[in-house]
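Using the sequences plus the hints, can you model the full thing?
Single-letter residue listing:
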Amino acid sequence: MDVKSLMTFREALNLALVREMEEDPSVFVFGLDVADHKRIFGSTQNLVEKFGTERCFGTPLSEDAMTGVALGAAISGLRPVHVHIRADFLLLAMNQIGNMMSNLRYMSGGKLTIPLVLRAVIGRGWGQSAQHSKSLHGIFAHFPGLKVVVPTTPQDAYGLLRASIRDDNPVIFLEHRWLYDISGEVDENEAAALGQAAVRREGDAVTLVCTSWMNVEALKAAEILSRRGVEVEIVDVRTVTPLDEETIVSSVNRTRHCVVADYDWIFCGFGAELAAVIGQGCFGRLKRPVERLGFAPAPCPTTRPLENLFYPSAPTIIRAVEKLLGLAETDLRGESFYSYEQRFKGPF
Amino acid sequence: MDVKSLMTFREALNLALVREMEEDPSVFVFGLDVADHKRIFGSTQNLVEKFGTERCFGTPLSEDAMTGVALGAAISGLRPVHVHIRADFLLLAMNQIGNMMSNLRYMSGGKLTIPLVLRAVIGRGWGQSAQHSKSLHGIFAHFPGLKVVVPTTPQDAYGLLRASIRDDNPVIFLEHRWLYDISGEVDENEAAALGQAAVRREGDAVTLVCTSWMNVEALKAAEILSRRGVEVEIVDVRTVTPLDEETIVSSVNRTRHCVVADYDWIFCGFGAELAAVIGQGCFGRLKRPVERLGFAPAPCPTTRPLENLFYPSAPTIIRAVEKLLGLAETDLRGESFYSYEQRFKGPF
Amino acid sequence: MLDKKEALSLYQKLVLVRLAEETIREEYFKDEMKTPVHLGIGAEAISVGVCHCLPSGTKTFGTYRNHALYLAVTGDTDGFFAELYGRLSGPGKGKAGSMHLCAPEHGLMATSAVVGTTIPLAVGAALANAYRKTSDVVTVFFGDGAVEEGAFWESLNFASLKRLPVLFVCEDNGLAIHAHARERRGFRSIPDAVRAFECHLGAGDGSDIVDVVQSTRAMLGQMSQEPKPGFLHFTYFRFLEHVGPREDFDAGYREKPSPQELERLDPVRRLERELLRRGVAPSALETIRAEASAKVRRGAEEAQKAPFAPPAELTTDVWT
Amino acid sequence: MLDKKEALSLYQKLVLVRLAEETIREEYFKDEMKTPVHLGIGAEAISVGVCHCLPSGTKTFGTYRNHALYLAVTGDTDGFFAELYGRLSGPGKGKAGSMHLCAPEHGLMATSAVVGTTIPLAVGAALANAYRKTSDVVTVFFGDGAVEEGAFWESLNFASLKRLPVLFVCEDNGLAIHAHARERRGFRSIPDAVRAFECHLGAGDGSDIVDVVQSTRAMLGQMSQEPKPGFLHFTYFRFLEHVGPREDFDAGYREKPSPQELERLDPVRRLERELLRRGVAPSALETIRAEASAKVRRGAEEAQKAPFAPPAELTTDVWT
Ligand SMILES: Cc1ncc(C[n+]2csc(CCOP(=O)(O)OP(=O)(O)O)c2C)c(N)n1
Ligand SMILES: Cc1ncc(C[n+]2csc(CCOP(=O)(O)OP(=O)(O)O)c2C)c(N)n1
Ligand SMILES: [Mg+2]
Ligand SMILES: [Mg+2]
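Just so you know, the sequences run in chain order D, R, W and H. Counting with my numbering, you get residues 1 to 348 for the letters of the first sequence. Counting with my numbering, you get residues 349 to 696 for the letters of the second sequence. Counting with my numbering, you get residues 697 to 1016 for the letters of the third sequence. Counting with my numbering, you get residues 1017 to 1336 for the letters of the fourth sequence.
It is worth saying that the hints were derived from the structure and are not from the lab.
Just some of the chain R residues that point at chain H, by a computed CB distance under 7 Å:
#1 385
#2 408
#3 409
#4 410
#5 412
#6 475
#7 479
#8 644
#9 649
#10 650
#11 651
#12 653
#13 654
#14 657
Below are the EDC-like pairs computed for lysine to aspartate or glutamate, each with C-alpha atoms no more than 20 Å apart in a straight line:
#15 R:693 - H:1042
#16 D:38 - D:181
#17 D:38 - W:944
#18 R:635 - R:579
#19 H:1321 - H:1047
#20 R:386 - H:1263
#21 D:345 - W:944
#22 R:568 - R:579
Just so we're clear, the structure is a prediction, and the values are computed from it rather than from any experiment. Glycine included, every Cβ here is placed at the ideal spot set by N, Cα and C.
Here it is in structure tokens:
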């Protein structure tokens, strides 16, 4: 049976949900908007039709309690997938996440298991602004007891979501909105494990350690840099906790240069952890300090010109690599970069 | 007029509140327990008597809304000091903190100012356990728009709290429970500014960069190490945001060795930021990688033997310094270390 | 009853909001207004009517569905469009966009895109008024979905406990995005659920500005007689999709009302009929519409010529 | 009315809890029990009475004031003291301490030291029951202070909306630490505030275990007849300080009731009187007390001899 096919990230998420729900009747999906006609940008489509409203249903606007409900169902043996249309809204649930979900297994002396997935979308573009654009993966990863996943490819959306649902620990699964439209080959039989980074591209000049959307920007940067003979290696972190330090450190030990391109604010973010891990693991090998890229130190602004500057991008990566290697700046005028208006605009 | 006097950290906090309330009628203090007979471990004593129940009052148990109330009062021109008896409870208010308080000035194009202090106590000991022991300073510092202060000395409790109340930005002010009983000289006229680290002790062997209670442990470690001729320098970070990178980096560039002793979990914590900043600022100068100390990667356990292992301490610091410098282990058997039972036990 | 002059002035404000939003609907497809828009077509009477009853400068708070509120409070179509087009001359320098419009200098302190988040802020502002011994009423507008958030209950409890001068205005369209009230409410009705709290309770037809004004005046009267918070519940019909410029009756989650029903639910048409009934000449209404239309058009046009914020603005206004 | 046998069995359970807590009060000053203790003296009848009515294995949730609940559900004084003394043989291996006691194998899923946090968990557990098409009732105990937290309202709303089999038990001592209800509640009464929700409502005297049992049985009957959540409101008197082993009538925030009043408020004494009135021999009660006392003493003594968790336990049980 051929199980490889081309699909979008959104379809891959959907397929992972369908497969898990088919195989395990204790898996269910709930959260605001999961059952309306838009279905979380299509990622929960057909679930109501296939599995009924008891296994896919909307809720009142009550993020705090709904997270507790997910936790209560999980310790009772179900496998809830609780969905949020923006990661920002998880801040409403931080008490359940940081004071309960992360502790309950420990406090019960290991008697409780918490097979729970919190899916949340990282918003961006068309004025998503300060309250609809956060990622916060480093914040969640700070609490022992949680796992945090930031998939980039359709294959990972599929494989890591399935692995997350099967995991007996609480997993926070963060999906960048722009990735939804990205297509790629998905092998349904390829199992994925949490805790493994992936080398997306090999190179010897610099290692780019990337999360989520930054992998896409990094690939674009790599393509441009390659034309002038600079081959960068791209490591997609994939899971923040557990973190695959080995893959990251061994890549940097080879290239001896590193740009961390994290999709979040820099200060006290996951990028700091990466820089610290690399600073330790590659001590004496690094030719230059690790360069950290991330959001500008400001809330995300609405207006497009400032929003463009807020986010790190392929050009920012290129400039960072050039600086690290002491190269002159590439002329980027002829290049075309990702512009989301080609994919979506207006309300979404 | 002599304005220097010996007082405890708790008294220094209280004095700062009294002085600010005397000088500015728009300053008020509210939160659970601020007006009962225990008065937040004594730190809000006499406020009701001196300023009335309108300027010092308790609330219902509603951390989320009460934080919004503080924010609403602040943008209306008052200067609220909102108090929480444990930092863990701030997780209930994360939405107001991370989606509102940190953004509102920016979103208003700079029209709103937010002169607001969130005081919270970091609990520890006698089974404070997983839900009454968090610090989370790195989490708060991750959001642009917030300031974060972690005082250690009575002088700083006094000076930095006054500076925080006078600051026109939201400040999260985190007070370690064990510091409350520490005495020190306080100069009432000494103004403090946010954004300045303090060198607590000079030395040439290793720089210890410390937050909050870790400064106390570091001083003890320094005393023991000094007896064998190892002089460590201790930098008290004091304010996480804004961070005084210069003082930290220049110390490490001198000693060429660094132990970061942060009072929080290590992974994705403020310690990672410090290690990243030092890795960058001291590149090529460091003789060994930065060593990070912090909580064990677990929720805080109740039982004392495990709690002892959970926290980094003077002995942990000594061992880290010895490892960094390649020294044999000091015999610590004759040493006496801090034990909170000498200060308080049972209910508190 | 409102006198004719007052009714005409309300018509003027209503029409300004309606035409501004109709202009957004036309312009939006040009893809220059790069901000989500939560249009309030059908809801205008609530913000306009309530704000009409408030002394000018009164502190107000709202949600992302804030266009009517912003225009009712400020009348400033120029700033409005500048912000929607992301220009430096907008009240938020373009950083705010549609969802965060505010004008503290006019009392509109904050609006927010996270449901329920400005409710406690309004209570805090009312606390500040009480602290300063003024009884000025702070007003906060929120949707029916916000009632499901814990912050609502916490805020209502605290305000009632402290008897703060805050007016809660619930704009109930029976929908949260596409979810109907029956899918979200485990209580009989919003007024019923609020009844046990120490606050004054009122309700009205949010599609009828005359009713809105009368209910609001009655409520403000009660609040000044017996100092307690007020809670006003207004129902209305959301004409368009949750966010964006289109109708969405074809999406399947709700029926399109009959044309007669839509006439009744449209607060502008409803006031128009009332004014005509009371003998106002059609040409007088036409004049009001023409003036509003010119103002709106100028705002939208000028905005598109205005400059964007310079790069340095990216990190300005984060801290003082 | 309960028959004598049942009343005696309740007495046995009540006494076990009371003596366990009295033992804590004696032992606590030796400073070996290094965990905060929120004693439930005065409150025992609620947990004991409600749990008495639940089929064994029923899922329950509680707060940090959980000793009566833990013992009512498990009867396990040995594990109880082991946990309080921080020993490996405690149900949480000593990691949990007093505030996080749980025994999932007996249905006691979780208790928590952050107010209100287990309420939504109970609703989630009830959702799991509904999902599995069982109508087993999940029960959650919480203090009156928890009603002020948004999570309570959100949980009540969702449970009512979905008509989940969850029994909310509010243990109302009129205090949150030292704050009286009047300083915290902006609503008339807790039952009034809950009335508009789609749940069954009941109330009783939490100092009287007979009343507790009867109210609970009536409630469970209603819930099985018409599937909806239940809400039971019990008042009781907290004899001791909020946390710790002492009385605190000298602290100034409340009056000490008269001796007669205290007799009435003490659920153990009250049931004792009732049993004597019904002809039970004093010696029969004495035997029950002696047995309970021996069990408690053994638990406390054995616990102190038991080993602590080895260092490796520090990072065990964080993840699976
Ligand atoms: C806390 C939070 N949860 C979810 C959302 C996503 N969301 C945006 S608007 C909305 C519906 C709100 O409904 P209502 O309060 O009735 O306001 P309306 O849109 O009907 O005016 C939701 C769920 C959000 N913005 N904030
Ligand atoms: C969310 C939260 N806020 C504050 C506290 C501090 N605190 C501990 S117990 C308590 C009072 C709770 O009162 P109630 O719910 O009535 O329970 P009781 O102690 O009376 O049994 C408070 C405020 C807490 N633990 N959790
Ligand atoms: Mg609505
Ligand atoms: Mg109570």
